[in-house]
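Asker: Protein sequences appear in the order of chains A and B. Just so we're aligned: 120 in my numbering is position 125 of the first sequence, and the numbers increase by one with no gaps anywhere. Just so we're aligned: 55 in my numbering is position 24 of the second sequence, and the numbers increase by one with no gaps anywhere.
The set of hints was computed from the structure by calculation and includes no laboratory data. In this text, all values refer to a predicted model and were calculated from it rather than measured experimentally. In this text, a Cβ means the ideal position worked out from N, Cα and C, and glycines have one as well. Take these hints with a grain of salt, some might be off.
To be verified - Some chain A residues well away from chain B (every beta-carbon gap over 12 Å; in silico):
id, residue
1, F5
2, L9
3, A116
4, E119
5, S125
6, Q128
7, P142
8, G155
Stated by the list, open to error - Quick list of the computed label-pair ranges, beta carbon to beta carbon:
id, chain 1, residue 1, chain 2, residue 2, range
9, A, V154, B, Q34, 25 to 33 Å
10, A, L153, B, A91, 19 to 27 Å
11, B, P61, A, A149, 36 to 44 Å
12, A, A228, B, Y129, 41 to 49 Å
13, A, E227, B, L56, 28 to 36 Å
14, A, I224, B, T37, 34 to 42 Å
15, A, Q120, B, V57, 24 to 32 Å
16, B, T135, A, Q39, 30 to 38 Å
17, A, L190, B, L134, 24 to 32 Å
18, A, Q120, B, W36, 38 to 46 Å
19, A, A149, B, G136, 30 to 38 Å
20, B, K115, A, P93, 32 to 40 Å
21, A, P127, B, L101, 49 to 57 Å
For reference, the chains in residue letters:
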Amino acid sequence: MTASSPTSPFLLGLRDGLPFIVVVGPFALLFGVVATEAGLQLSQTMAFSTVVIAGASQFAALQQIQIGAPTLMVVATALAVNLRMAMYSAALTPWLGPAPFWQRALIAYAIVDQTYALSVARFEQNPAWSIPQRVRYFFGTVTPILPLWVLLTAVGMLVGAAIPGWLALDFAVPICFLAIIGPMLRTPAHMAAALTSILLALVFSGLPYGSGLLLAAVCAMIVGARVEIWAEARRT
Amino acid sequence: MTQVWTIILVLGAATYLVRLSFLGLVGDRPLPAWLIRHLRYTAVAVLPGLVAPLVLWPEATGGAPDPARLAAAAVTLGVGLWRKSVLWAMGAGAATLYAGLALTGWATG
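The whole structure should be built from the sequences, with the hints applied where relevant.
Answerer: Given below as structure tokens:
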């Protein structure tokens, strides 16, 4: 796809975003199911998916709610999962920064892993795109992903009760998380951070109200950064 | 129940501010290198620690380690690492879990 292509940026974004419905769909369904089991009302579950729109952090919040963590701990843990989005925001700024503020305010709402990754890749491929063309592309990628996220959360809530016990749904959340983690472990630094997170979370699991996980996460982040510096020094 | 609403609203607002941070507020200024270095590892620092106790001490078995669940976890992580694909990892993990549960169910009786 080149800059001279007749395809409109919006349609291109729409087409690029479509394959992700296979990934986003099951997560949304599962969130609906698990939230119902955790005792959330329909309105709360829908609000979660509409206001937060970040699967991993929504699951993390549910998990912390279920162990009875206090509000501050739940928010801190779930927010930690979302801090990477500051990086996405920074990466999109050179491309979309000159757009009007109200457009950027809307774009910010829709920044998720997929819309960010697709957009930055296409913007680099088509540096000649105007600002409005880039904005249209971004919202093209949003169109198949976000409404589906909210819709399938609701479907998950409605079908949840009909899922039989032998399906061992208790383990769907760990499998989902592990499936997300595997492809993330691209470098020794990522692996070191993940390993630190596991070991310390288990060691600190006796600490009250999920504070052990937060402590483990902070240490793991520092270990990741340290290993990165060390690996860079070795390469040069 | 009000706790859940507070969590949704505070987490939603805070997450929105994180998303808006550079695009809407800070603008086109480079992030300090040390900050990028730490932000890169936020997801891998939280999620593995979150999942580890769920894998080792599953609630469904009363906290006793379960061979079927352990095998499913190992396969999910391994396939995700190998294929770099979330979907493949999920599929392989689910298949292992059901095969394992069927096997242990049959063995115990």
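Asker: So, against the hints stated earlier in the document, which numbers end up violated here?
Answerer: none
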